[in-house]
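Visitor: Letter by letter, the chains look like this.
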Amino acid sequence: MEEMLKKIFYILTALCIPAGFFIKHEHAIFFWHKIPSIETVFGFFGAFLLILGTRILASFAQRKEDFYD
Amino acid sequence: MIKAVPPALIFILGAMLIPLLKGKLKQAYILLVPTVAFLDIIHLNQGTSWVYHFLGYELIFCKVDRLSLVVGYIFVIIGFLAILYCLHIKEDGQHIAAFLYVGSSLGVVFAGDYFSLFVFWEIMAVSSVFLVWYQKEKSALDAGFRYLIMHIIGGCCLLAGIIIYAVNTGSLAVTYMGTGLADTFILIGFGLNAAFIPMHTWLPDAYPEGTVTGSVFMSVYTTKTGVYVLARCFSGMPFLAYMGGIMTVYGVLFALLQNDARRLLSYHIVSQVGYMVAGVGVGTELGVNGGIAHVFNHILYKALLFMCMGSVIYMTGKRKLTELGGLAKYMPVTCLACIIASLSIAGAPGFNGYVSKGMVITAAAEKHMPILELMMVLAAVGTFLSFVKLCYFTFFAPNEEIKAKEAPVNMQLAMLLTAFLCVFIGVYPKVLFHVLPYNPVLYHPYTPSHIVGTIQLFMLAGLVFILAKDMVAPHRASILDFDYFYRMGGRCLVWVCVVPLSNFRFRLQVFSSRAVDLIVRLAKNPIMILEIPAAYAYLRITQGLRYVSGYSSAESYDENLYRRPIGVGVLVAITLLFALALIYFIF
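So the sequence lines, in the order shown, correspond to chains S and L. For what it's worth, our numbering labels the leading residue of the first sequence as 23, then goes sequentially. For what it's worth, our numbering labels the leading residue of the second sequence as 532, then goes sequentially.
Derived by calculation from the structure, the hints in this document are not laboratory data. Treat the hints with caution; some may be incorrect.
Partial list, derived from the structure: chain S residues whose beta carbon lies under 7 Å from chain L [as the list claims (entries may be wrong)]:
(1) E25
(2) C38
(3) G42
(4) F52
(5) F66
(6) G75
(7) S81
(8) F89
So the derived label-pair ranges between C-beta atoms look like this [to be verified]:
(9) L:K621 to S:L37: 37 to 43 Å
(10) S:K86 to L:L570: 49 to 55 Å
(11) L:V958 to S:D88: 42 to 48 Å
Think of the CB as a built atom: it goes at the ideal place given N, C-alpha and C, for glycine as much as any other residue.
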C-alpha cells in the first residue's frame, strides 16, 4: 500500500514539472518569475537547503533533553 | 437603542460572574459572553467613543476603524471556539484567566491612547501566565516565571517609550510612530510581543508548557496584538520587513528540529508571525492587507493545530513525536482537522493560508524586495516539510504501543468548526477581503501560475522529505536557542547575588554591628572617649616596662582604678547644658 502510494506520488511529481511550461506568470517582476517551473527548483533545493541548515544547527546547538534540568 | 460598549468590558466583567455559576448553566454562560461580544462589535460605529479625561490626558477605550474591527472580529470568533474547546474544564480559575486574557487583548485592539493600551497590555501578560501555571508542573511554573520576566521587561520598555512620548508631545494618542527615542522603546515593547528575533524565546519556552486548553488561547492573542499595534504604529518600516523575513526562516529552521509537538507549533508561530510583520513592514496597501489577512487566517489554523495537538496530549498523555504515531485510526476527527490545519498553514490552494501568504509574498515582490520574497518562499517550503513531519509522526508512523480514544465531543466540535472556517475562507476569500483595512482588495489568489507554482513547490519538497525522511525524523534532544544566553546570564546574576554580594553584605553587617555597639557604649559614658585611649596607653606602657624589668606577677585588680568622683559627671552635664544654652541664645 505504502509503496503504491509512493509510486503514485513520484508519477504526479514527474507530471507536475512540465505543467509549468504551459502556464505563463501573470505578473512577472524578477527574472526568475519568467523561468518556467522555477518553483520545482525552489521546492527541491529549498528543502535540501533547509535540511542541510538543520544539520549544521544541530551540530553545535543540539543537547540532551534534560540539558537545563 | 443600547449604546455599544467596549468589547473588553464584556469579557472582563463577564469573568467576574463565572465563579457564581455551576454545571450546564456555566457552560451556556461562558459561550454566551463571546456571542454577546461579537454582536457588540458588529454594532460598533467607526470613530472614537468612551473617552475619559484623566490627569489632563484623554483616555480612549473605543477607537474603531477597519483595522481594529477586523482584528476584533477574529479575536471574538476564536474566543468562542476556544471556549467551546475548553467547555469541559471544571476549574473556574482557568476560565477566568482566559476571559481576562481575551478581554485585555480586545482592550489593546480598541485602545485609542497609550495609557489604556499599556494597562491592557500588562493585564494580558499577567492573566496569560496563569494558563501556563494551571498545568501545575514544575516545568510549567518555571516557564511561566521566565515568560513573565520577559514580558515585564518588554512592558517596562513600552512604558519608558510612552512616558518619553507623552513628555515630548503632550499627547497619549496611539498614532503612526517614527524613529525617535520614544519610538524605539515602544518598538522594542511591541517587538517582544511580536516575537522579534532574539526576543522570541518566551514563546517556544512557555507555549508548550501551558495547559491543553490554555495554549490554544495563548497561540492566538499575544503575538497577534503585537502585529496589530505594529500595523497601526510602524507600518512601512523596512526594518520590520526584513525582521519578518528573518523570523520566517528562523522559526522554520528550529521547528524542523523539534520533538515536542507543541514546541514545533510554537516555532511555527514565530515563522508565521514573520509573514505578518513582513507584510506590515512592506507597508503597501497589499502588504498591510496581506499581513492582517494572515493574522486572521493564522489565528484560525494555529488555534486548530494547538487544539489537535492538545487533543492528542489530552487523550494519550504523550507530547513527543518520538512517542507518538499511528493515531489516525483511533482519532480520525483530530487527524482530519490536523491535516486541514497543516494544509492551511503550509498554504495549499483551497485553504486559507494560501490566500494571505500569497498576498504578503506578492506585496514583497511588488515593492522590489527580492531577498524578502525568496526568504518567504524558502520558509513556505520549510513549513510544508515541517507539517508533513508532524502529521506523519503523530498520526501515520507505525506505533503498536499506543492506544487512544477520540477527544470529547466539545473538543471535536470546536476543531471541526475551526477547520470549516479554514476551508471556507480558502475557497471563498471574498468574505475576508471585505473586512480588510484597505478596500477594495486588488488581489486574485487563484491564478493558474500561482496554483501550479504552489503545487510544484510542495511536490518537490515532499520528494525531498521521502528521500531524506531519516534526517527529518524527530530525535530525543533539545536545541539551544537564544534563551541559552539569557539563562546563563540569569545564572551568573544569581551567582553574583549569592556569593560576592552576599559576602559583602555579611561583612558590612558585622562592621555596622560593631560600630553601633561602640557608639552605644560610648554614649553611656562620654568621659570614656578620653579615658579609654589613656587607660589603653597606660596599660601598654606598664606592660612594656614590666616586660623589660622582668617583673612577672600579675597586678591585682583595683576596683577604684576607673572610678571618678561624681563631681566630674556633674561638671560634664553642666558644660553640655551651658553649650546648649549658648547655641540656643546665639541662633
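Visitor: Each hint: holds or not?
Guide: Hint check:
Interface restraint check: E25 (chain S) against chain L, minimum CB-CB distance 12 Å, threshold 7 Å, status violated. Given the 7 Å rule on beta carbons, the hint for C38 (chain S) holds: about 5 Å separates it from the nearest Cβ of chain L. Given the 7 Å rule on beta carbons, the hint for G42 (chain S) holds: about 6 Å separates it from the nearest Cβ of chain L. With a least beta-carbon distance of about 5 Å to chain L, the hint placing F52 (chain S) at the interface is held under the 7 Å criterion.
Satisfaction of the interface hint for F66 (chain S) is found here, the shortest Cβ-Cβ separation to chain L being roughly 4 Å, below the 7 Å cut-off. Because the smallest distance between the Cβ of G75 (chain S) and any Cβ of chain L comes to about 5 Å, under 7 Å, the interface hint for this residue holds. Proximity of S81 (chain S) to chain L is violated relative to the hint, the smallest CB-CB distance being about 11 Å (cut-off 7 Å). Taking 7 Å as the C-beta cut-off, the interface hint given for F89 (chain S) holds, the closest approach to chain L being about 5 Å.
Distance hint check: the CB atoms of K621 (chain L) and L37 (chain S) are about 54 Å apart, inconsistent with the given range 37 to 43 Å. Restraint check, K86 (chain S) to L570 (chain L): a C-beta distance of roughly 52 Å satisfies the suggested window 49 to 55 Å. One distance hint, 42 to 48 Å for the beta-carbon pair V958 (chain L) and D88 (chain S), holds here, with the actual separation near 46 Å.
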